[in-house]
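For the record, the sequence lines run as chains A, B, C, D and E. Be aware that the first sequence starts at 777, since it is given in our numbering, and climbs by one per residue. Be aware that the second sequence starts at 777, since it is given in our numbering, and climbs by one per residue. Be aware that the third sequence starts at 16, since it is given in our numbering, and climbs by one per residue. Be aware that the fourth sequence starts at 16, since it is given in our numbering, and climbs by one per residue. Be aware that the fifth sequence starts at -13, since it is given in our numbering, and climbs by one per residue.
Worth flagging that the hints you see were computed from the coordinates, not collected in a lab. Among the hints, a few may not be true.
[To be verified] For lysine-lysine, the following BS3-like pairs were computed, each having C-alpha atoms within a straight-line distance of at most 30 Å:
| # | chain 1 | residue 1 | chain 2 | residue 2 |
| --- | --- | --- | --- | --- |
| 1 | C | Lys295 | C | Lys173 |
| 2 | E | Lys92 | E | Lys1 |
| 3 | E | Lys5 | B | Lys792 |
| 4 | E | Lys205 | E | Lys5 |
| 5 | E | Lys5 | E | Lys91 |
| 6 | D | Lys54 | C | Lys173 |
| 7 | E | Lys205 | E | Lys216 |
| 8 | B | Lys792 | E | Lys92 |
| 9 | E | Lys5 | A | Lys792 |
| 10 | E | Lys213 | E | Lys5 |
| 11 | E | Lys91 | A | Lys792 |
| 12 | C | Lys54 | C | Lys122 |
| 13 | E | Lys1 | E | Lys213 |
| 14 | D | Lys173 | C | Lys54 |
| 15 | D | Lys295 | D | Lys173 |
| 16 | D | Lys122 | D | Lys54 |
| 17 | E | Lys205 | E | Lys1 |
| 18 | E | Lys1 | E | Lys182 |
[As the list claims (entries may be wrong)] Some chain C residues well away from chain B (every beta-carbon gap over 12 Å; in silico):
| # | residue |
| --- | --- |
| 19 | Thr124 |
| 20 | Arg193 |
| 21 | Ile308 |
| 22 | Val357 |
[Claimed, not checked] Some chain D residues judged to face chain A by a derived CB distance under 10 Å, without partners named:
| # | residue |
| --- | --- |
| 23 | Arg96 |
| 24 | Arg101 |
| 25 | Leu103 |
| 26 | Thr136 |
| 27 | Val152 |
| 28 | Gly231 |
Virtual Cβ for every residue (Gly too), placed ideally from N, Cα, C.
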Amino acid sequence: MTGGSFTLITADQFFKELGVTFYMLGVSLFFGAILGVIIGVIVVVTRPGGALANRVVYTVLDVFINIVRSVPFIILLVAIIPFTRLLVGTSIGPAAAIVPLTVSIAPYIGRLVENSLLEVPHGITEAARSMGATPLQIFTRFLLPEARGSLILALTTATIGLVDATAMAGTVGAGGIGDLAISYGYQRFDGFAMLVTVVTLIIIVQTIQIVGSRLARRARRR
Amino acid sequence: MTGGSFTLITADQFFKELGVTFYMLGVSLFFGAILGVIIGVIVVVTRPGGALANRVVYTVLDVFINIVRSVPFIILLVAIIPFTRLLVGTSIGPAAAIVPLTVSIAPYIGRLVENSLLEVPHGITEAARSMGATPLQIFTRFLLPEARGSLILALTTATIGLVDATAMAGTVGAGGIGDLAISYGYQRFDGFAMLVTVVTLIIIVQTIQIVGSRLARRARRR
Amino acid sequence: MPRRPADSAPAATPVAPGAGSSASVAVRFDGVFREYPHKTGQVSALDGVSLDVPRGSIFGVIGHSGAGKSTLVRMVNGLDRPTGGRVLLEGTDLASLPPAGLRAAQKTTGMIFQQFQLLETVSVRDNVARPLILDGVRRRDARARADEVLEFVGLADKGDRRPGELSGGQKQRVGIARAIVRNPQVLLCDEATSALDPSTTTQIIELLRRINATYGTTIFVVTHEMDVIKDLCHEVAVMSDGRIVEHGTVLDVFVRPQTEIAEAFVGTVVPHTIPARVLKHVGDGDLWRLRLIDDEVTSPLVSTLITEYGVAVNILHADMAEIQQHTVGHMIIRVDGPADRVAAAWTWLESNVASIEKVTTP
Amino acid sequence: MPRRPADSAPAATPVAPGAGSSASVAVRFDGVFREYPHKTGQVSALDGVSLDVPRGSIFGVIGHSGAGKSTLVRMVNGLDRPTGGRVLLEGTDLASLPPAGLRAAQKTTGMIFQQFQLLETVSVRDNVARPLILDGVRRRDARARADEVLEFVGLADKGDRRPGELSGGQKQRVGIARAIVRNPQVLLCDEATSALDPSTTTQIIELLRRINATYGTTIFVVTHEMDVIKDLCHEVAVMSDGRIVEHGTVLDVFVRPQTEIAEAFVGTVVPHTIPARVLKHVGDGDLWRLRLIDDEVTSPLVSTLITEYGVAVNILHADMAEIQQHTVGHMIIRVDGPADRVAAAWTWLESNVASIEKVTTP
Amino acid sequence: GETSDDTTGSAPETKTALKIGFNPGPYEDMFNAGILPILEEDGYTVETVDFTDGVIVNGALNSGEIDANIMQHSVYMDSINVQEGYTNVSLVQVPGPPMALFGGKKESLDDVSDGSTVAVPNQPSNMYRAFQVLVDAGWIELSDTIDPATASPADVTSNPYNLQFVTLENAQQVPALQDVDYDVIQGNFVVAGGLKLTDALLLEDLTDEFSVIVAVDEKNVDSDWAKAIKAAYESPEFAEYIASNSQYDGYHLPAALES
Ligand SMILES: Nc1ncnc2c1ncn2[C@@H]1O[C@H](COP(=O)(O)OP(=O)(O)OP(=O)(O)O)[C@@H](O)[C@H]1O
Ligand SMILES: Nc1ncnc2c1ncn2[C@@H]1O[C@H](COP(=O)(O)OP(=O)(O)OP(=O)(O)O)[C@@H](O)[C@H]1O
Ligand SMILES: [Mg+2]
Ligand SMILES: [Mg+2]
């Protein structure tokens, strides 16, 4: 700023970081959602009274979800550095940020998926069973369509949580809009950068929510 | 402490910070839940097609939720310092941390409450309306009992998110177990402190989840 | 085409007192339309329904699946709104009321839902007590009253259960109990007995009749079961494709159905088709079809024909039904004998039975 | 107390071929118990049910609300498991099967649910196609087949709708379509027609009969509507409080109900009680109650009594019903005349009708 | 004096209960072990408050919610004073470790090559210091207008090796060491992270302006308790404590302590 320049960040930098945010968001959401849905489904089917009730698998997964969710993100990020390095070869940069982001979001999505699936009326599962559907089919052909609306809302909620988490990913040099907000807006007191980045974040979140709500409403339409 | 001591933290310190965590968690959950439920209910009843459909109120609240949820916690914390000071007379310490924690958790709970309430079958609302129930009664006497299971799970999810957020509250000198994990485990590379605090956090989260799941299962029993 | 009670057959019409005068109308449908937007153009669930439900009457609406019955009944307590026309409950257009007014109006009604709509997480007792709780009745009193009503519907021992632990018919009875717990002025029944076995149905019908008689409750019944109409209702309207195609006293519609669809429904109680077994005999001689009402049913018609008119009579088909306080009989007989005697028998019957016609191959 | 077809009345029992031999049993209930734990002790939904459902038959179970019918039918495809005894589907104890085996067994069955259980977020067509999709049938083919079946149940034009846009009866027909889309070997119907009007019911019954005749599908029907039993079933079992209290061919049970409860159900089709109207005449002379089967119904009984035995006959009550391929009649007549002629008439009737008894004040 | 505080109501001259803010790390440990005993002897009681952030801790100081903080150098403090209009001033300098340039994937300064990655702190004033170390190494040149309060990679005017800067949270720099070619780590994290300052390839020439200070509000500079803190940091007991603990090897000592 010094020399009286209006702001510390350039348009180029802004758009680059915006790209980084979308990259981190997109990739970690993609993997997080896949893992999360798998986790959620396994928890639902292995729970006591579920289609494939299995006390051990259920307890292990349930505890695993809780462990990951217990650990503050920044600590999780450090704790899994060896794993991150194994996976992407480095512990810094956007690619490295994706690993802890995914690891932290997947169990969260898993829990939300679990909650959604448990809301599907029991009769639907019964009808599916009466047709000889496999547990996988019960999920893909019955529970998934019926829970679609609430699943979309859950994913929306998770995605928004992820936007917040990407801001913290700045710690590993990953950058992104949230990091811009903290590094420039907050730490360097660049009011303009703060405004632009926060408004951008609000727009991103608002868009995700609007799209999510609309998709959910459509899916929910009966 | 210094020198070759095994860990940097003392048992006294640990228990004091544990108390601080419960204090922050309890108070902000209490206010956050009240505000969140109110927000969630208002969003549900004012949404298009709701019992008290009101485009303006709905849009304002919906956007407000998104704004609060868009802003990284650290920025939210700084942004509302004047408000915090107004409310609790100081901007530092556990009492001051409660304000941003509540402000950040309430809209989140609101969103989860909204999602839960939308899952209650439409017929229940119809039956309630046919009896001439007021919108408030529809909520307290019909939606709430029917959604209780999923509401409890939502609150559980939110509480666990709150545990995570209290760790960040260290920024304002609030302390707590999460801050201990970050200050000692993360910033001072104190492995033992890290282990103890993280295990404590896991136990807290696991307990919350177990209690939440059990209560939800009981509420859900049909 | 809807007929008024005026031209109904027997002397005493069992229609509620003062029917027809607008002052005593509990529910008035005034050219009601209900259209649903749909990809492939509009779907008309109600297509100009006009109907008066007299206060204190038990009024039935019957029609095939999809005729618009549920849609119609949901208009009465404002659960659905007409896209055209008006629905008046006790003279008030529900659409014109402010929310508080609408709620007050709804509280004077009770509704039994086709799909029960019970709270799954709450005991049966609390489900039934809920409307009272809404009115601010103390929990104790509400529960006591709920138990009373549960006893009425034969579920005295099920108060502590959750709906999920009940059979289909038991759930339906909980729905009935909930609808009547407030002693509503207008009781709306959407297939209130379709999940019930005959003897439970009979009990419920008895119960509804008692409510009607004791409290003067107007009961608006929507059903596909003609037996319910027969045993319970004073008046009946027949719906088809969103329209009222026939309307009259129950007896009237039973004895002289005007439309094919009404005939089909009546036929489920008093067969209107000629059994195949009987058709085999067409051509053997004259087949006559008689409809008898009340005393005609118990008078020795066949005996008279045989002994006084000297014809041979074979009863090919006979059945009877109790409709409201009346007996309706239906007979197909073969009459043989010299032409003049047969003719005389015909003439005599013509003035001694409600209707007589020759049966010809269809 | 359950009776075997052996002692059934008329010559040709319409029971499926080979009934009774274990090899031709589609479903066997072998001392089946189902208990629910409950705060106030155990609830017994099934209390030692033993029953054989012959392959290829249409087997009905009737009983009051809460008798255990739904519980029974849910045992057949393994949706529920006995807490005691065994249920054999085509000779296999479902409880003994590994999951994959159970699923294979379930695929040979189709089930119509009392509460429909449709996917709310999926079109009617896709609801019906779903079982085929599970089998790996290509989406196109599955949909084409679904449309075929929807046509069967009279919903050809509703394929694109969502269940929420259908009336209650339309939903039930979607459930029926879904259950038969795979041409199951055993079709399980839990109140498959209770939400339907009589003419739709008749169509569905026709449809079920056609399925049974064409594919030899065993149909296990649970219902509270005696009309369904009468028109559709070969055999019927009567349930009460979790027990089978009576069992026989439909005709058999209709003509000679053994238990009060069976009599009550039969009475909804062929009244068993004596109408009040008739009771007024008790004491005026001899009141006789006759039950007639088939030819007895169309024979000129009254004519014969009057002309050949010289007695005066007044038919106080008569009705007739078609049960399976048989006609069952029920008459109450008053016979007047000199004692010896009356006695002779009695004697003659005794050997010419299925049963005769004097009516006395109850 | 005229700057002494009379808004707190109680006489400031007799104030003995102090509230001091820290960022967790060596300065707090040093205070607790080396200074606190001296202050307690003088009759003071001290409550320490941990902040994990540098902005809020200065706001708390300026608003009187804490009496002093010990976690920053005067450059940083000044920059925040300017930004937020605070009136915090430096009371006394405390011993502190210098910034250190470590080799990660590369083992010596000579291995630097085109595109080498260099991790630097993401906080502006520490980034500024890190850049100064790189200038000392002869790897980059900086803009004349660079300001410690807002320094960013944009201030690097000459970068012949085309160094790739990775901006990390201070504590992250230790575990990230093996993922970058070079790592310029703030001294206290070097110490806390178990690295040895003596293993560094290059140490910062720590000037006074980047030495950590005890900051107080301007109006309290002359209070007794402020003087007591200042005296404690300049006392021989404290000098003895620093000298006798090997963990402070390599620390930059204020003039008063240099023996
Ligand atoms: N949301 C909707 N969208 C489109 N069409 C609808 C909707 N709801 C109902 N319908 C149609 O309106 C017509 C009337 O429905 P309604 O539920 O009133 O029938 P019903 O007479 O109660 O039939 P049932 O005896 O089967 O319950 C039906 O053809 C139905 O498909
Ligand atoms: N989960 C349960 N817990 C306790 N009791 C139950 C439970 N499910 C069913 N029952 C009881 O078991 C009995 C049999 O129920 P079932 O649903 O088989 O009756 P049904 O013959 O199908 O009746 P309906 O004709 O009313 O559908 C009922 O008395 C019911 O209350
Ligand atoms: Mg309906
Ligand atoms: Mg049932």
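Verification of the hints:
1. Lys295/C to Lys173/C: Judged against 30 Å, a Cα distance of about 53 Å means the pair is violated.
2. Lys92/E to Lys1/E: violated (54 Å)
3. Lys5/E to Lys792/B: holds (18 Å)
4. Lys205/E to Lys5/E: It holds: about 16 Å lies between the C-alpha atoms, which stays within 30 Å.
5. Lys5/E to Lys91/E: Violated, at roughly 43 Å.
6. Lys54/D to Lys173/C: Distance of about 12 Å is within 30 Å: holds.
7. Lys205/E to Lys216/E: holds (15 Å)
8. Lys792/B to Lys92/E: violated (44 Å)
9. Lys5/E to Lys792/A: Status violated; Cα separation ~44 Å.
10. Lys213/E to Lys5/E: Between Lys213/E and Lys5/E the Cα gap is close to 15 Å, so the pair holds against 30 Å.
11. Lys91/E to Lys792/A: Between Lys91/E and Lys792/A the Cα gap is close to 27 Å, so the pair holds against 30 Å.
12. Lys54/C to Lys122/C: With a Cα-Cα distance of about 36 Å, the restraint between Lys54/C and Lys122/C is violated, given a limit of 30 Å.
13. Lys1/E to Lys213/E: holds (12 Å)
14. Lys173/D to Lys54/C: holds (12 Å)
15. Lys295/D to Lys173/D: Status violated; Cα separation ~53 Å.
16. Lys122/D to Lys54/D: Violated, at about 36 Å.
17. Lys205/E to Lys1/E: holds (14 Å)
18. Lys1/E to Lys182/E: violated (40 Å)
19. Thr124: violated (7 Å)
20. Arg193: violated (8 Å)
21. Ile308: Fine: 39 Å to the nearest Cβ keeps Ile308/C off the interface.
22. Val357: holds (60 Å)
23. Arg96: Nearest chain A Cβ about 12 Å off; hint violated.
24. Arg101: Not OK, violated: Arg101/D not within 10 Å of chain A, min 19 Å.
25. Leu103: violated (18 Å)
26. Thr136: holds (5 Å)
27. Val152: Violated. Min distance 13 Å.
28. Gly231: Hint on Gly231/D: violated, closest Cβ of chain A at ~20 Å, above 10 Å.
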